[in-house]
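J.: Work out the full structure, taking the sequences as your base and the hints as a guide.
2 protein chains.
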Amino acid sequence: MNLPSLEHSVAELLPSGTRKLLVAVSGGVDSVVLLHLLKTISSELEFTIHVAHLDHRLRPESSSDADFVRQLCRQWDLPCSIESCDIRQLAARQKISLEMAGRQARREFLWTLAQKIGAELIALAHHGDDQVETFMLRLLRGSGQSGLSAMRVHQGCWWRPLLNLRRQDIVKYASQHNLKWVEDESNRDSMFLRNRLRSEIIPQFYEINPRFGGGIERLVQQFQVDEDYWQREVTAIFDSLVVSREDGLRLSRPKLLATHPALRVRLLRAALLQVRGDLQKIESVHLLAVDDLLSASRSQGELNLPECWVARRYESLWIRRGSPALPEPFDLTLPDEGEVKLPDGRIIRASTQVEQEGESAMVVEFSLAALSQPLRVRNWRPGDRFEPLGMSGHKRLKRFFSDNRVEREVRLRTPLLVSGETILWVGGMRRSRHAVVRCDAGEIIRIELF
Amino acid sequence: MNLPSLEHSVAELLPSGTRKLLVAVSGGVDSVVLLHLLKTISSELEFTIHVAHLDHRLRPESSSDADFVRQLCRQWDLPCSIESCDIRQLAARQKISLEMAGRQARREFLWTLAQKIGAELIALAHHGDDQVETFMLRLLRGSGQSGLSAMRVHQGCWWRPLLNLRRQDIVKYASQHNLKWVEDESNRDSMFLRNRLRSEIIPQFYEINPRFGGGIERLVQQFQVDEDYWQREVTAIFDSLVVSREDGLRLSRPKLLATHPALRVRLLRAALLQVRGDLQKIESVHLLAVDDLLSASRSQGELNLPECWVARRYESLWIRRGSPALPEPFDLTLPDEGEVKLPDGRIIRASTQVEQEGESAMVVEFSLAALSQPLRVRNWRPGDRFEPLGMSGHKRLKRFFSDNRVEREVRLRTPLLVSGETILWVGGMRRSRHAVVRCDAGEIIRIELF
Chain D
0 MNLPSLEHSV AELLPSGTRK LLVAVSGGVD SVVLLHLLKT ISSELEFTIH VAHLDHRLRP
60 ESSSDADFVR QLCRQWDLPC SIESCDIRQL AARQKISLEM AGRQARREFL WTLAQKIGAE
120 LIALAHHGDD QVETFMLRLL RGSGQSGLSA MRVHQGCWWR PLLNLRRQDI VKYASQHNLK
180 WVEDESNRDS MFLRNRLRSE IIPQFYEINP RFGGGIERLV QQFQVDEDYW QREVTAIFDS
240 LVVSREDGLR LSRPKLLATH PALRVRLLRA ALLQVRGDLQ KIESVHLLAV DDLLSASRSQ
300 GELNLPECWV ARRYESLWIR RGSPALPEPF DLTLPDEGEV KLPDGRIIRA STQVEQEGES
360 AMVVEFSLAA LSQPLRVRNW RPGDRFEPLG MSGHKRLKRF FSDNRVEREV RLRTPLLVSG
420 ETILWVGGMR RSRHAVVRCD AGEIIRIELF
Chain P
0 MNLPSLEHSV AELLPSGTRK LLVAVSGGVD SVVLLHLLKT ISSELEFTIH VAHLDHRLRP
60 ESSSDADFVR QLCRQWDLPC SIESCDIRQL AARQKISLEM AGRQARREFL WTLAQKIGAE
120 LIALAHHGDD QVETFMLRLL RGSGQSGLSA MRVHQGCWWR PLLNLRRQDI VKYASQHNLK
180 WVEDESNRDS MFLRNRLRSE IIPQFYEINP RFGGGIERLV QQFQVDEDYW QREVTAIFDS
240 LVVSREDGLR LSRPKLLATH PALRVRLLRA ALLQVRGDLQ KIESVHLLAV DDLLSASRSQ
300 GELNLPECWV ARRYESLWIR RGSPALPEPF DLTLPDEGEV KLPDGRIIRA STQVEQEGES
360 AMVVEFSLAA LSQPLRVRNW RPGDRFEPLG MSGHKRLKRF FSDNRVEREV RLRTPLLVSG
420 ETILWVGGMR RSRHAVVRCD AGEIIRIELF
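Chains as they are written, first to last, in numbering that gives the first Met the number 0: chain D, 0 to 449; chain P, 0 to 449.
Rather than coming from a laboratory, the hints here were simulated on the basis of the structure. Hints may contain errors.
As the list claims (entries may be wrong) - Derived Cβ-Cβ restraints for the label pairs, each shown as a range: (1) D:Q273 <-> P:P253: 31 to 39 Å; (2) P:D85 <-> D:L12: 51 to 59 Å; (3) P:V152 <-> D:T421: 34 to 42 Å; (4) P:P253 <-> D:L12: 23 to 31 Å.
To be verified - To spell it out: a stretch of chain D is covered by chain P in this simulated footprint if at least three of its residues, at any positions, have a beta carbon under 8 Å from a beta carbon of chain P; those stretches are: (5) 134-148; (6) 204-212.
Said to hold, decoys possible - If we take Cβ atoms under 8 Å as the criterion, some of the chain P residues that face chain D in the derived model are: (7) L139; (8) G141; (9) Q144; (10) Q203; (11) F204; (12) G214; (13) Q221; (14) A261.
Beta carbons are placed, not taken as given, at the ideal position from N, Cα and C, and that holds for glycine.
T.: Right, here's the structure in full:
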């Protein structure tokens, strides 16, 4: 291959086997140069090009940008898809910034189009100065290292072959090849934070250190390498932390605490990602809060994060999209012979008989004569106390639950068998010392939970 | 303990068992507040205070700052050491910035004084806004993650109990307690980059995001946790990479290449630190260069880094303070009977006899009649060729060395036995096919290297 240097550097970054490229062209100098570069190398590298343009309708002249792109593609004989989207409306509907809405609409448009036309790769015109701006923007907004690792040349189907070039290289190429482009007026609008960074703040840094941009690019590269490292470590150990995936994700607290805090915060990120599907609106301060929940002395606690609910339940960390539905309170009368159905679907059955059959966690027997009727089955209430068999005195039920590490949600659906104000049985766990069946007890009432 | 919150937060950070504290006091509001806080908690926590002040002599009024500190200590009944140092002269002599020189002189003064008076800890008045400034300053100068992890509350004997406070908290405390202080005029001098950051650039960030500082502080904390992780990983595997410490540090290239690049760059940093004693002037670009040296296709190469020399020699990476001294070129006449001493101290001895005794790497025998006199022993020169025994034709000596993975420094001190222009023996390695001793050879010359 004998190509001039800029073409060569782009060609070198093209994954082999690429047959069809979707190129995002706004009509600005960056994307026009990108398109020209790709057109130049396309026949030698045997790929075809399809151009995509999304009209954001933010400015009156935006449709003329679309016309420019259409015209350029006709002139260069390239197929082209142009669509239009009301970004202002989208931003208002989703309550996000115009920048965010534009980015989201663009990505969706490009992604869908690439699928439709069978393009393996979507080429974007971001360059090194964009990289520096993105870094500073995220720094300003409080991103952690992962966010600061900014954009990569290759990121799934997205491809940014100009990322190692500077704006001035691109402008020079445009003038060498007599390219025409449209100036995006919104680039001058200092309402957009990125523009303010570009035109006002970053130049002050360059004034202090002319090599400022290179330093940021090296830092971003280091962060990307680090991110790759963390990703591997997380992948290697994540599954060993999972206790259950039945009702949300449950991770082992002791295993999490045994990992180094630097790794742990990445494991927590990965857990949130698995549960939520993405990490939008998750900031480092949220991860610190989860870490605090994990290491605090309180054995049960909850956090509401954006689109995510995190709880510590004794030795596990429980993550769900939303908080679990709490069971309905219940208070049911239990006949001497018959059954009641609990809100969670389990059944408590009572039967009377004269022979003892023996007790277990799920079955208890009482001397019928010692009980005052009617028997009731209800959920736990604050202030409840009971007198466990084998213990003198009474115990607060809250304390009993806590000593037995019963999780909040389980407490609320645990059936209590009561007679008047007396708790006879904490269903499935422990009976009280009331109405124990003696040898000569007479009639027995047998209660089963299943 | 029943202390107001600021005192309490400082007291909580004091390592238990501290008996004597050296407090660095410039006379500015930060250090006066620090001193007041420490004085307040000192009797309850049972430590004594010694004050240190270094007069930088940068401003005409600097000696009045020293007077202020002396006066304050008299008033508060605290022992105090005041010294003076010509920072401008130090900066000029060491060719470093005034800021750097000031920092260096301060640290040395404080460290020495702490040793002398037996203080376990040196308290510094850096606060959260200093932390943000330091971060931005290092970002601007192209630091990697390690540099960006900035200052810690505890760092060896250095202690920064105000690091989690903001400047406004400190000023508020000062006014609540009617403290007096001196304004450091140099804080307003925008010649100093830090002041320009503080007064011009950082306020623009706060204007955009009022929580900017908190984001930076969280990021610094994350970096510190990460640094601790990397430190442990490096410590765990460093020694397994060391091939030799005889003449500088030699690390195994294959083992380095087998580690993840994120870890590798930290291992290289650790290696430079071991050899140099510190990492001053080592930037991320230097580490990248070492990494390139390691992974490049050239099997031998060198890099001159600040106060450090790094070479790849086949499968090892060799790091020294400076490049190794190259051996003097030599060209010595070897008598038939007798010896010559090589520049590296080894000896080549010649003796004539009639019986063959056999050859080895260190001994060769030639048929005396087949040689033209005199024999010479000299070092390798570009263009040298020889005809190895057992091979037809000749071989360039450079190629021979390279095939045998002979390192550059070893090549230069390898003795060549020559007769006229003919290389008879690459000392210690291989003989040529000239003048091989046959059964009826007559007189033999035997050459030994030891």
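J.: Please go over all the hints and tell whether each is borne out by the structure.
T.: Taking the hints in turn, this is what the structure says about them:
1. Hint check: Q273 (chain D) to P253 (chain P), Cβ distance near 36 Å, so the stated range 31 to 39 Å holds.
2. Under the hint 51 to 59 Å, the C-beta atoms of D85 (chain P) and L12 (chain D), about 55 Å apart, fit the expected range.
3. Our hint of 34 to 42 Å for V152 (chain P) and T421 (chain D) is violated, since their Cβ atoms are close to 56 Å apart.
4. Separation of P253 (chain P) from L12 (chain D) is about 29 Å and conforms to the stated range, judged on CB atoms against 23 to 31 Å.
5. Coverage of the region 134-148 of chain D by chain P holds. Counting CB-CB distances below 8 Å, 8 residues qualify, and the rule asks for three or more.
6. Three residues within the 8 Å Cβ limit are the bar, and the region 204-212 of chain D against chain P gives 5, so the coverage statement holds.
7. Annotation: L139 (chain P) was flagged as interfacial toward chain D, and the flag holds, the nearest CB pair being 6 Å apart, inside 8 Å.
8. With a least beta-carbon distance of about 3 Å to chain D, the hint placing G141 (chain P) at the interface is held under the 8 Å criterion.
9. Among the interface hints, the one on Q144 (chain P) holds; its C-beta lies about 6 Å from the nearest C-beta in chain D, closer than the 8 Å criterion.
10. The criterion of a C-beta within 8 Å of any C-beta in chain D is met by Q203 (chain P), whose closest approach is roughly 6 Å, and the hint holds.
11. Satisfaction of the interface hint for F204 (chain P) is found here, the shortest Cβ-Cβ separation to chain D being roughly 6 Å, below the 8 Å cut-off.
12. At its closest, the beta carbon of G214 (chain P) sits 3 Å from a beta carbon of chain D; the interface hint therefore holds under the 8 Å criterion.
13. With a least beta-carbon distance of about 6 Å to chain D, the hint placing Q221 (chain P) at the interface is held under the 8 Å criterion.
14. Checking A261 (chain P) against chain D by beta carbon gives a least distance of about 4 Å; that is within 8 Å, so the hint holds.
Of the numbered hints given earlier, the model fails hint 3 alone.
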